[in-house]
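Chains S and R are the protein sequences, given in the same order. Quick note on full-length UniProt numbering: the first sequence kicks off at 1 and runs consecutively. Quick note on full-length UniProt numbering: the second sequence kicks off at 1 and runs consecutively.
Please note: incorrect hints may appear among the correct ones.
No copy is singled out in the list; a pair is fine if it fits within one copy or between any two copies.
[Stated by the list, open to error] Distance condition first, Cα-Cα at most 30 Å in a straight line; then the derived DSSO-like pairs of lysine-lysine:
1. Lys424 / Lys172
2. Lys213 / Lys283
3. Lys233 / Lys147
4. Lys172 / Lys317
5. Lys262 / Lys138
6. Lys424 / Lys213
7. Lys190 / Lys213
8. Lys190 / Lys175
9. Lys213 / Lys60
10. Lys213 / Lys410
11. Lys213 / Lys138
12. Lys317 / Lys410
13. Lys175 / Lys392
Hints were generated in silico from the structure; no laboratory data involved.
There are 2 protein chains.
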Amino acid sequence: MTLDATLARIDSDLPQALDRLMALLRIPSISTDPAYKADCDTAADWLVSDLASIGIAAEKRPTPGHPMVVGHVDGDGPHVLFYGHYDVQPVDPLNLWDRDPFDPAIEETPKGRVIRARGASDDKGQLMTFVEACRAWKEVNGSLPCKITFFFEGEEESGSPSLIPFLNENAKELKADIALICDTGLFESKTPSIMTQLRGLCGEEITLTGATKDLHSGMFGGAGQNPIRVLAKILGNLHDDNGRIQVPDFYDGVPELDPEIKAQWDGLNFDHASFLGDVGLSKPAGEQDRTALEMLWSRPTAEINGIIGGYTGDGFKTVLPAQARAKVSFRLVGQQDPHAIRDNFRAWVQAQLPEDVTAEFHAHGASPASQMATDHPAFEQSRAVLGAEWGKEAAFTGCGGSIPVAGYFKSILGMDTMLVGWAKDDDQIHSPNEKYDVESFHKGIRSWARILDAIS
Amino acid sequence: MTLDATLARIDSDLPQALDRLMALLRIPSISTDPAYKADCDTAADWLVSDLASIGIAAEKRPTPGHPMVVGHVDGDGPHVLFYGHYDVQPVDPLNLWDRDPFDPAIEETPKGRVIRARGASDDKGQLMTFVEACRAWKEVNGSLPCKITFFFEGEEESGSPSLIPFLNENAKELKADIALICDTGLFESKTPSIMTQLRGLCGEEITLTGATKDLHSGMFGGAGQNPIRVLAKILGNLHDDNGRIQVPDFYDGVPELDPEIKAQWDGLNFDHASFLGDVGLSKPAGEQDRTALEMLWSRPTAEINGIIGGYTGDGFKTVLPAQARAKVSFRLVGQQDPHAIRDNFRAWVQAQLPEDVTAEFHAHGASPASQMATDHPAFEQSRAVLGAEWGKEAAFTGCGGSIPVAGYFKSILGMDTMLVGWAKDDDQIHSPNEKYDVESFHKGIRSWARILDAIS
Numbered sequence: 001m002t003l004d005a006t007l008a009r010i011d012s013d014l015p016q017a018l019d020r021l022m023a024l025l026r027i028p029s030i031s032t033d034p035a036y037k038a039d040c041d042t043a044a045d046w047l048v049s050d051l052a053s054i055g056i057a058a059e060k061r062p063t064p065g066h067p068m069v070v071g072h073v074d075g076d077g078p079h080v081l082f083y084g085h086y087d088v089q090p091v092d093p094l095n096l097w098d099r100d101p102f103d104p105a106i107e108e109t110p111k112g113r114v115i116r117a118r119g120a121s122d123d124k125g126q127l128m129t130f131v132e133a134c135r136a137w138k139e140v141n142g143s144l145p146c147k148i149t150f151f152f153e154g155e156e157e158s159g160s161p162s163l164i165p166f167l168n169e170n171a172k173e174l175k176a177d178i179a180l181i182c183d184t185g186l187f188e189s190k191t192p193s194i195m196t197q198l199r200g201l202c203g204e205e206i207t208l209t210g211a212t213k214d215l216h217s218g219m220f221g222g223a224g225q226n227p228i229r230v231l232a233k234i235l236g237n238l239h240d241d242n243g244r245i246q247v248p249d250f251y252d253g254v255p256e257l258d259p260e261i262k263a264q265w266d267g268l269n270f271d272h273a274s275f276l277g278d279v280g281l282s283k284p285a286g287e288q289d290r291t292a293l294e295m296l297w298s299r300p301t302a303e304i305n306g307i308i309g310g311y312t313g314d315g316f317k318t319v320l321p322a323q324a325r326a327k328v329s330f331r332l333v334g335q336q337d338p339h340a341i342r343d344n345f346r347a348w349v350q351a352q353l354p355e356d357v358t359a360e361f362h363a364h365g366a367s368p369a370s371q372m373a374t375d376h377p378a379f380e381q382s383r384a385v386l387g388a389e390w391g392k393e394a395a396f397t398g399c400g401g402s403i404p405v406a407g408y409f410k411s412i413l414g415m416d417t418m419l420v421g422w423a424k425d426d427d428q429i430h431s432p433n434e435k436y437d438v439e440s441f442h443k444g445i446r447s448w449a450r451i452l453d454a455i456s
Numbered sequence: 001m002t003l004d005a006t007l008a009r010i011d012s013d014l015p016q017a018l019d020r021l022m023a024l025l026r027i028p029s030i031s032t033d034p035a036y037k038a039d040c041d042t043a044a045d046w047l048v049s050d051l052a053s054i055g056i057a058a059e060k061r062p063t064p065g066h067p068m069v070v071g072h073v074d075g076d077g078p079h080v081l082f083y084g085h086y087d088v089q090p091v092d093p094l095n096l097w098d099r100d101p102f103d104p105a106i107e108e109t110p111k112g113r114v115i116r117a118r119g120a121s122d123d124k125g126q127l128m129t130f131v132e133a134c135r136a137w138k139e140v141n142g143s144l145p146c147k148i149t150f151f152f153e154g155e156e157e158s159g160s161p162s163l164i165p166f167l168n169e170n171a172k173e174l175k176a177d178i179a180l181i182c183d184t185g186l187f188e189s190k191t192p193s194i195m196t197q198l199r200g201l202c203g204e205e206i207t208l209t210g211a212t213k214d215l216h217s218g219m220f221g222g223a224g225q226n227p228i229r230v231l232a233k234i235l236g237n238l239h240d241d242n243g244r245i246q247v248p249d250f251y252d253g254v255p256e257l258d259p260e261i262k263a264q265w266d267g268l269n270f271d272h273a274s275f276l277g278d279v280g281l282s283k284p285a286g287e288q289d290r291t292a293l294e295m296l297w298s299r300p301t302a303e304i305n306g307i308i309g310g311y312t313g314d315g316f317k318t319v320l321p322a323q324a325r326a327k328v329s330f331r332l333v334g335q336q337d338p339h340a341i342r343d344n345f346r347a348w349v350q351a352q353l354p355e356d357v358t359a360e361f362h363a364h365g366a367s368p369a370s371q372m373a374t375d376h377p378a379f380e381q382s383r384a385v386l387g388a389e390w391g392k393e394a395a396f397t398g399c400g401g402s403i404p405v406a407g408y409f410k411s412i413l414g415m416d417t418m419l420v421g422w423a424k425d426d427d428q429i430h431s432p433n434e435k436y437d438v439e440s441f442h443k444g445i446r447s448w449a450r451i452l453d454a455i456s
């Protein structure tokens, strides 16, 4: 039994696998900060060398930013591309960490053993679950069960500026039957989940201008127009009392949920009281005729992500400011067109402007929603075997956010992506004291062995 | 002819009067900045010595902050208290000044000669118009025409922390028949005006809190409540489409304008197109069934003076913030009760909060409107003589702002105040390149001589 032997090898090799992860975690590969450029390079070298130790030929490939790592292993069966990223988020505020973020340690906690370090979960720990599964498989069976391309990026946490050009320039080399990405989590920290729909995003910044300079409300108050007042009035109209978004034609292209997916989601028995309760909330705040999971995964949103105007320091200043500004974003689903939504939003704002107030708009990105074509057999094969590892049947789930690389794989390489990962909700990614459960790491490696076995 | 001789003396002494003002302007008496504490003291000494040079016994009186200057001259007729302040606003941004703010100079401009310096208009230049009128009167006539108390403050630009205790402790000494304050301006820079109504102010800060921490809109967007959205919705309801304020009982105590005052105001032919046009606006933005002057002087307002929440830096962050904050103020008129308005506003906000959002409130001052009792004969006597100086009949006007000291004179000393001054709209008080027209200074001195003559 190839799989059983591989799983046994994974179990016995866990201490060494943790040691290897620790070594990678010690490299402070913060991609957004130029001070860590050499460390990003070191992390790429470390991965090349770690793959080499399994007998996988990989190389560091330069970009105008941090390097990519690409490796190939030939084999029978389907050709999969595995993607992960070796760069990490900055660590500030450093004073909120209980230990040096780049001096990883295994800590005993009331919820079990955790690996504490920046990148432990996002994405070094997750990335290594796949690498370690390949190592065990290779060591037990002498070769890997299918053809695999390894593709590691070093700029995911800083906007992936080199990714699109790199995919375009190396399309032929990187195209596989399906991409696997390990950068997501377990549903409610316990149910294995394969994300098959991700929302898109349209970001927009509005600046309203009234007078040519800040005015004193003692002199102008009452007669002078106040752009904060206008901005509040307009943004206050963004949702109706039932949470429905009021921008014209906003819901064009929003599909009703596929009944089969809806049945799977209902089967998850999502505990929204606990999900919201963890952050001090209780009532789902979206469209009132939708379930909380729909609000999070399959319904579009309009959010005010930032607002500023006038005097915001300590004390008080009776100013009528010349300008007020807001950042607004829309999470998109189905066939919603981010460009049409931007245009409609701008026209809707313009139509509400009173005399003497003008609006300037600035676009901040636009990506449509991604719906994975789950007809590749790997999806059902993987779903079928994950239950055995986690004791809970796996589900096709949605994601409230965007994972742009999955969209690029589709649009540039014509390749579908299967997103599966082992992170937990309390991993504190992007925050101080990031951790990854040893259970996530261990069962994650075993899960990849099961998936490789199932799809080969 | 006492008055004619005094006016002639004022004309001939103008160069020396300007020299004296220059000396006072050279003292950087910025009251809010501890670095200038000694300079505030020097300015007080200078005033004591300048009054002594006219034969007026004055002294510097300590307070926990900067000193007051108090002087008395006995005389027949009514007892007037003259109030001015010797402290000035900070000068930053210094790079926007065309010269050292404390190196005053007379500059020729297309609109005439101006005195350029911090404090030239607010309030050293204005204050000195009264002192110089007294000097000329004394020099021509050997004594002053009435009993006068001089009262100069050094903390007006930093919130007057010592004023109320000082008035309380020295009430008997300071109480006069009427107070004169020279800290206001000409209506539209040309019509002499005696301000007889000032609006009150109620400042309030609201902080709305949703989740216990900032959330990521990819994870929580749609289901998680967003306090910016709630704040915009509430503040967007502050005015109806006609500019009427929606807080319950807000208009309690708002009187209709006295027909006699309304006739005077109509006679001013206020050019609101030019007033608003100077700052890039065109349409009076208050209650649409009111004139622009009513909006500015006799109608209450609700203004959002500051708002902040979420990410407001460059670029974009898809955050659902835990908090959003706004500073709101109300300009009050007539008998509006600032405390009742604060309570009603808070209840009105509370009533609109959805589940999961709480509000905290912080009070920032509350002062009722001031309506001067114009039955003291000085008001009509002064109004009657100012036309001769300025070539335009003087009017009783309103003021959109507050001049707290006038309220304290009434509430603590039981003394009415006559507010009259010679500043122009383009004096740039509190801003770089502050100036005071030599015309304001010269005719201001002459105006005080006329007023002293009329009321004695």
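Exercise. Checking Lys233 and Lys147: alpha-carbon separation at most 30 Å within a copy, between copies, both or neither?
Worked result: neither (58 Å within a copy, 55 Å between copies)
Problem set entry | Alpha-carbon proximity context of Lys213 and Lys60, limit 30 Å | neither (53 Å within a copy, 39 Å between copies)
For this session: Have a look at Lys317 and Lys410 and pick one of within, between, both or neither, based on CA distance no larger than 30 Å.
Result: Between copies only: 25 Å across, 52 Å inside.
Exercise. When no copy is named, should Lys213 and Lys138 be tagged within, between, both, or neither for a Cα gap of at most 30 Å?
Worked result: neither (69 Å within a copy, 45 Å between copies)
Exercise. From the Cα coordinates, with 30 Å as the cut-off, is the pair Lys424 and Lys213 best called within, between, both, or neither?
Worked result: Between copies, since 18 Å is at most 30 Å while 50 Å is not.
Exercise. Is it within, between, both or neither when you check Lys424 against Lys172 at 30 Å Cα-Cα?
Worked result: neither (35 Å within a copy, 74 Å between copies)
For this session: Give the relationship of Lys172 and Lys317 under a CA distance limit of 30 Å: within one copy only, between copies only, both, or neither.
Result: Answer is neither; intra-copy 61 Å and inter-copy 34 Å both fail.
Problem set entry | Within, between, both or neither, where Lys190 and Lys175 count as close if Cα-Cα is 30 Å or less | neither (32 Å within a copy, 78 Å between copies)
Exercise. Checking Lys262 and Lys138: alpha-carbon separation at most 30 Å within a copy, between copies, both or neither?
Worked result: neither (39 Å within a copy, 94 Å between copies)
For this session: Since the copies are identical, ignore which copy is meant and state whether Lys175 and Lys392 lie within 30 Å (CA to CA) inside a copy, between copies, both or neither.
Result: Close neither inside one copy (33 Å) nor across copies (85 Å); limit 30 Å.
For this session: Using 30 Å as the alpha carbon limit, work out where Lys190 and Lys213 are close: within a copy, between copies, both or neither.
Result: between (56 Å within a copy, 23 Å between copies)
Exercise. Given a CA cutoff of 30 Å, do Lys213 and Lys283 count as a within-copy pair, a between-copy pair, both, or neither?
Worked result: Classified as between; 16 Å across copies, 42 Å inside a copy.
Checked against the numbered hints given earlier, the structure breaks hints 1, 3, 4, 5, 8, 9, 10, 11 and 13 and satisfies all the rest.
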